[in-house]
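Engineer: Chains as they are written, first to last, in this note's numbering: chain W, 1 to 179; chain R, 180 to 910.
Since the hints were derived computationally from the structure, they do not count as laboratory data.
One should not assume that every hint holds.
[Claimed, not checked] A few chain W positions that, by computed beta-carbon distances, are all more than 12 Å from chain R:
id : residue
1  : R12
2  : A18
3  : E26
4  : I77
5  : G82
6  : C94
7  : C132
8  : T134
9  : L153
10 : Q161
[To be verified] Simulated crosslink set (DMTMM-like; lysine to aspartate or glutamate; CA at most 25 Å straight-line):
id : chain 1 : residue 1 : chain 2 : residue 2
11 : W       : K48       : R       : D826
12 : R       : K852      : W       : E52
13 : R       : K852      : R       : D826
No experiment lies behind these values; they were computed from the predicted model shown.
Where a beta carbon is used, it is the ideal one built from N, C-alpha and C, also for glycine.
Below are the chains, spelled out letter by letter.
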Amino acid sequence: MARYGMVIDTKRCVGCHACVISCFVENQIPDGYTRSWITEITQGEFPKLRTEIFSERCNHCENAPCVSVCPTGASWIDEETGIVNINTKLCTGCKACMAACPYDARFVNPKGYADKCSFCEHRTRKGLASACATTCPTSAITFGDLDNPASELHKKLAGRQVVTRKPEKGTKPKIFYLK
Amino acid sequence: MASRISRRSFLKLAGMASAGVAVAGGLGGAAIKAAMKETVRSGEVKEVATFCELCFWKCGMIAKVQDGKIVKLEGNKKHPLSNGKLCPRGNGATGLTYDPDRLKTPMIRTKNRGQEMFREATWDEALDYTAEKMTGIKEKYGPECLAFFNHGYGASQLKHLLQAYGTPNIAAPSYAQCRGPREVAFDLTYGEEIGSPERVDIKNTRMLVLLGSHLGENMHNTQVQEFADAIDNGAKIVVVDPRFSTAAGKADWYLPIKAGTDLALLLSWMNVIINEGLYDKEYVHSYAFGFEQLKAHVQAYTPERVWTITGIKPELIRATAREMGHQKPGVLIHPGRHVTWYGDDTQRVRAIAMLTALLGAWGRKGGYFYPGSVDVPKVKTKTYPTPNRSRADLMIKNYPLASHVLASGLCDATFPIPNSQCHIRGWFVYGTNLVHSLPNPEQTRRALSELEFVVVSDVLPMEITGWADVILPDATFLERHDDVHVASWREPFVSLRQPVIEPMYESRPPWWVAKELAKRLDLEEYFPWNNMEEYLGMRLENAGINFEQLKKDGVVTFPRQPMYLEEGVPPAFYTPSGKIELYSPRLAEQGQDPMPTFQHHGDPPEGYYRLLFGRAPVHTFGRTTNNPVLNRIMDENEIWVNRHVADKWGLKNGQKVILQNQDGVKSNQIKVKVTERIRNDCVYMVHGFGHKSRGLSNHKGADDSSLVTKYNTDPIMGGTGMNVNFVTFIA
Numbered sequence: 001m002a003r004y005g006m007v008i009d010t011k012r013c014v015g016c017h018a019c020v021i022s023c024f025v026e027n028q029i030p031d032g033y034t035r036s037w038i039t040e041i042t043q044g045e046f047p048k049l050r051t052e053i054f055s056e057r058c059n060h061c062e063n064a065p066c067v068s069v070c071p072t073g074a075s076w077i078d079e080e081t082g083i084v085n086i087n088t089k090l091c092t093g094c095k096a097c098m099a100a101c102p103y104d105a106r107f108v109n110p111k112g113y114a115d116k117c118s119f120c121e122h123r124t125r126k127g128l129a130s131a132c133a134t135t136c137p138t139s140a141i142t143f144g145d146l147d148n149p150a151s152e153l154h155k156k157l158a159g160r161q162v163v164t165r166k167p168e169k170g171t172k173p174k175i176f177y178l179k
Numbered sequence: 180m181a182s183r184i185s186r187r188s189f190l191k192l193a194g195m196a197s198a199g200v201a202v203a204g205g206l207g208g209a210a211i212k213a214a215m216k217e218t219v220r221s222g223e224v225k226e227v228a229t230f231c232e233l234c235f236w237k238c239g240m241i242a243k244v245q246d247g248k249i250v251k252l253e254g255n256k257k258h259p260l261s262n263g264k265l266c267p268r269g270n271g272a273t274g275l276t277y278d279p280d281r282l283k284t285p286m287i288r289t290k291n292r293g294q295e296m297f298r299e300a301t302w303d304e305a306l307d308y309t310a311e312k313m314t315g316i317k318e319k320y321g322p323e324c325l326a327f328f329n330h331g332y333g334a335s336q337l338k339h340l341l342q343a344y345g346t347p348n349i350a351a352p353s354y355a356q357c358r359g360p361r362e363v364a365f366d367l368t369y370g371e372e373i374g375s376p377e378r379v380d381i382k383n384t385r386m387l388v389l390l391g392s393h394l395g396e397n398m399h400n401t402q403v404q405e406f407a408d409a410i411d412n413g414a415k416i417v418v419v420d421p422r423f424s425t426a427a428g429k430a431d432w433y434l435p436i437k438a439g440t441d442l443a444l445l446l447s448w449m450n451v452i453i454n455e456g457l458y459d460k461e462y463v464h465s466y467a468f469g470f471e472q473l474k475a476h477v478q479a480y481t482p483e484r485v486w487t488i489t490g491i492k493p494e495l496i497r498a499t500a501r502e503m504g505h506q507k508p509g510v511l512i513h514p515g516r517h518v519t520w521y522g523d524d525t526q527r528v529r530a531i532a533m534l535t536a537l538l539g540a541w542g543r544k545g546g547y548f549y550p551g552s553v554d555v556p557k558v559k560t561k562t563y564p565t566p567n568r569s570r571a572d573l574m575i576k577n578y579p580l581a582s583h584v585l586a587s588g589l590c591d592a593t594f595p596i597p598n599s600q601c602h603i604r605g606w607f608v609y610g611t612n613l614v615h616s617l618p619n620p621e622q623t624r625r626a627l628s629e630l631e632f633v634v635v636s637d638v639l640p641m642e643i644t645g646w647a648d649v650i651l652p653d654a655t656f657l658e659r660h661d662d663v664h665v666a667s668w669r670e671p672f673v674s675l676r677q678p679v680i681e682p683m684y685e686s687r688p689p690w691w692v693a694k695e696l697a698k699r700l701d702l703e704e705y706f707p708w709n710n711m712e713e714y715l716g717m718r719l720e721n722a723g724i725n726f727e728q729l730k731k732d733g734v735v736t737f738p739r740q741p742m743y744l745e746e747g748v749p750p751a752f753y754t755p756s757g758k759i760e761l762y763s764p765r766l767a768e769q770g771q772d773p774m775p776t777f778q779h780h781g782d783p784p785e786g787y788y789r790l791l792f793g794r795a796p797v798h799t800f801g802r803t804t805n806n807p808v809l810n811r812i813m814d815e816n817e818i819w820v821n822r823h824v825a826d827k828w829g830l831k832n833g834q835k836v837i838l839q840n841q842d843g844v845k846s847n848q849i850k851v852k853v854t855e856r857i858r859n860d861c862v863y864m865v866h867g868f869g870h871k872s873r874g875l876s877n878h879k880g881a882d883d884s885s886l887v888t889k890y891n892t893d894p895i896m897g898g899t900g901m902n903v904n905f906v907t908f909i910a
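Bound conformation, chain W alone (with noise of 0.2 Å):
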């Protein structure tokens, strides 16, 4: 049993894409989709600016709209990893889960079935991390057990200031920021 999530450190970041591309090559994402993205906001005026770079993805909810909306249960969180998954073979691409998803995660791939970030769970059960945090040049992605304490994410976490995307939106993301 594991709670997987991701640390993401925000000032280490800059926004270069090796994740997105990793994610691209790794899970054969076809051409004009993507299960990854970068975010750069900037405030102020110029030369008062400030800038913030989020490296985003599924946020695999505790709490997934996407789940509960799910007609045919395609979509599920396996109890073993927490990750949020889609049973393609139950899908039938009518997109319920991709207008109840706040953070605009899902597509429908050509083959006719939602599709979004797995946290490489073909990685992952074997003990890798996934692509995008294996990669990643400045190594802000952490992926790991939330369950763990003793893990390499528990350490990102200590100490710093943490956010989620949306937590208005009550889905409790098992993706954080640190700022």
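Start from chain W and add chain R according to the hints.
Structural biologist: Just chain R, lined up with the frame of chain W:
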């Protein structure tokens, strides 16, 4: 103001991009279906270690191959430059190998040069023709009249061939168009060049000062890794840039400098550091030459006066200078890499080197380290012939301090030279798109028209290949052996490039081309090996390196040696005085300023803006802007325009404009990025877009180099300062 590509708009954008591809390149439904079919793979995954060439940093990577196809590239954990990580380009490097636009067979020109009309040829035909022309030039004019332009590690065996052939005119634009002034500046000051990978101790620095260097957008992997470490360690960060770069977003101090005035700022920092006694007195007293002259020289550069030049407030100049004094000696004033900006670039980088000396940071932890090195001699072959004539690049104007051949100088020497028998008659070009990498492309095209022979080897049909008489399709780095990379670094290392898959189509590795040409040029005795693996075996055996182990690991590292003066590195400076030369007698002898003096570089005329260019993390110049994997993120560049300027011109975000420079030259259409993140007297674009070559699918965006019709030549070493052009908008 928030900018975000939502997943849906990303979809839309990417959809448009692939529609463009379908029209231009014929990548239609069948190809897409084929690509989707390949998702079912069953074979065993084989791993091959090699090093990357999507840029020139040479990160170690592990390629995963399944059913003969490269399915994934990952960083090699054992490699000191990648540390198991790859930048976006490395991650997308298969996009180069599997680019449908690749040059697939040798080709021979059928119409006028530059018209991009060719017929397919066999390798024998292409090589025989090339050898015949090379022999003709050698016999008629002498071997010195053939120039070899190159970029990248693939060139090593071709360089060997051209040296055996007898020409000294071998150049890469990475010198006179990029980092040359930096190498000369540090050599003048410390008697040593910086080299690559740069000997900068970013991860241990207490204070990092970036002048125009946009780490994070410039993705030299190790430097960006260490930049993040420096942030974590609480290093103080100063970013000096007319544009609020990604790095500026991480900085403690952002100095929004007026473009072209960095030298004044550097001199003012020295003024404060000297006058307030903040310099490393013991270090300067022991190792530096000319301190009193420097002290007198910088008196003119008070923060109050320099404020009027740079726009940086005196209190900000003082605060940052004092922080440097406080954090010394672990302060890294980054030397930059692409430093050919205004033509006084050697002098500006000299100021960086001198400030470094005042802070005692050369040879110190957190500043510039002494890299460890390892000796792996090349395989000895017959001695190269001594050319009868000296370098052609210096015939028109001599730059005694130019330590490497000037690519721009060879282009100039392609036109008849008064009072000289020899001008360049033939170009052999490997892996460098000279029409985009040299300034003033019109002059480059004229030179190409003058030539008797042009042969180009490249992976893709770049603009320069359109000007070739013969095109030799290069194998990508994932399909070939090259020479080993012997690197000076904290832990010196030797890294291997080996083929991950066989060369696709009729492409061939450059070592094979070199050997085949050698046969035809009667130079075979310079190539006493049957193939590159045999050559590497000989070279590594001589150095006592286990080749079989290197094939498995991709890299062998050697023990870390003392890196800092405090670790016992002897304080040796290889200048004529044996000291750090703050005052440079060598420059004085050349009739140049022995210490840097600020010069104005002009203001843009009314309605014009200084054109600045730089890099994006997913691209390496024009080399990658056709890469279908990388173009999923960025398939065109934008012109960054300050919000107030955009308001004045009525420009909207995303609107397309044409830029026109001071000489009336117009750009392709380019999208406007309305932003707070740039000054109102300059505009900025990412370099490398706006291809026009018929064979490339992606023509989107604008080409900055076509707008660089003007450049200032560095009087010390002949570098071409290219940030001296101004543009205006045409709707």
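Engineer: Taking the hints in turn, state whether each one holds.
Structural biologist: Now for the hints, and whether the structure bears them out:
| no. | hint | in the structure |
| --- | --- | --- |
| 1 | R12 | violated, 4 Å |
| 2 | A18 | violated, 4 Å |
| 3 | E26 | violated, 6 Å |
| 4 | I77 | holds, 22 Å |
| 5 | G82 | holds, 23 Å |
| 6 | C94 | holds, 17 Å |
| 7 | C132 | violated, 10 Å |
| 8 | T134 | violated, 7 Å |
| 9 | L153 | holds, 16 Å |
| 10 | Q161 | holds, 15 Å |
| 11 | W:K48 x R:D826 | holds, 19 Å |
| 12 | R:K852 x W:E52 | holds, 18 Å |
| 13 | R:K852 x R:D826 | holds, 12 Å |
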